[in-house]
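Chains A and B, in that order, are what the protein sequence lines are. At position 24 of the first sequence (counting the first as 1) the number is 23 in numbering that gives the first Met the number 0, and the numbers step up by one without a gap. At position 13 of the second sequence (counting the first as 1) the number is 12 in numbering that gives the first Met the number 0, and the numbers step up by one without a gap.
Honestly, the hints are just simulated from the structure, not real lab data. Do not take every clue at face value.
Unchecked claim - Computed cross-link-like contacts, DSBU-like style, restricted to lysine-lysine with a CA-CA straight-line distance of at most 35 Å:
| no. | chain 1 | residue 1 | chain 2 | residue 2 |
| --- | --- | --- | --- | --- |
| 1 | A | K21 | B | K59 |
| 2 | A | K109 | B | K6 |
| 3 | B | K59 | A | K109 |
| 4 | A | K82 | A | K109 |
| 5 | B | K6 | A | K139 |
| 6 | A | K139 | A | K109 |
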Amino acid sequence: MINQVATALYNALIGNAALMTKLGGTVTNGYKCYNVLARQDASCPFLTFGLLTDVPIGVFSNLTAIDDSTWFINIFSDSGSAKEAGEIFDLVDTVLNDGSLTVTGYTHLKCVREYVSTPIWDDVTKVWQLSLRYRIWIDKD
Amino acid sequence: MAHVAGKAGEVDNGATISGIKSWTLDYTVDALETTDFADAGVRSYIAGCSGWSGSFEGYKEGAPEAIGSEVALTLKETQTANQCWVGQALITGIHPSTSFDGVVSYSYDFQGTAGLTVATA
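Bound-form chain A, shown alone:
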């Protein structure tokens, strides 16, 4: 389940032209959308995403019929203010909030935003971070 949803998220994010333009994502830099950990040479702005929690919803005939999962997206920006991170958030949210994911082996039920953090400033690296959380439900085919 984890890899299938991660792939679906990745494909949805890199499929949005406006987001790719904002991030400067290309095939060479992995579209600046990284699974859990950013690559070491990643340059801002970029984002990471990954699984937070997964709780199955079951019925008698299938104890894990539906996966109720939450996923984080962390946006990193080294611009002079939190504005760029907020703009990237808007683009990510356009893709994912009430978005439709194509998850291999599953039927998409919903993908909705349920949390946005306060922008965090790291004075050492001079990077802004904005954390998002999305809830994703998928139904096993």
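Once you've looked at the hints, dock chain B against the given chain A.
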């Protein structure tokens, strides 16, 4: 005695009803009061008529079951033989439920219309 997990339960009305995740059965007998002066202030009873009814619920998987029809109902505690309750029943109600943050759910009520075969294992 060993405990039994309910994870492999089932509700069958001739065929398995899909999407069901729980069921409840109330099998009761009337207690007819027979208290008289001779009971010295302690109430006494005899058994009257028995009856059974209940409900089952789960998530929508296809069209809902029809109400108002009598079915051969099997309520399985597990998939083990005789760990089930069986009888003719009338499906008396359906309660669809939908919320913006939930899965579409159905719950049903039933009323037994004949004797109930009790689980024996």
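Hints and how they fare:
A distance of roughly 41 Å separates the Cα atoms of K21/A and K59/B; the hinted pair therefore is violated under the 35 Å criterion. The straight-line distance between the Cα atoms of K109/A and K6/B is roughly 26 Å, inside the 35 Å bound, and the hint therefore holds. With a C-alpha separation of about 16 Å, the suggested pair K59/B and K109/A falls inside the 35 Å cut-off, and the hint holds. Distance hint between K82/A and K109/A is fulfilled; the C-alpha atoms sit about 29 Å from each other, no more than 35 Å.
Proximity of K6/B to K139/A is assessed by CA-CA distance (about 18 Å); at most 35 Å being required, the pair is judged to hold. Note on K139/A and K109/A: the hinted pairing holds, with a Cα-Cα distance of about 13 Å set against a maximum of 35 Å.
Of the numbered hints listed earlier, the single one contradicted by the structure is hint 1.
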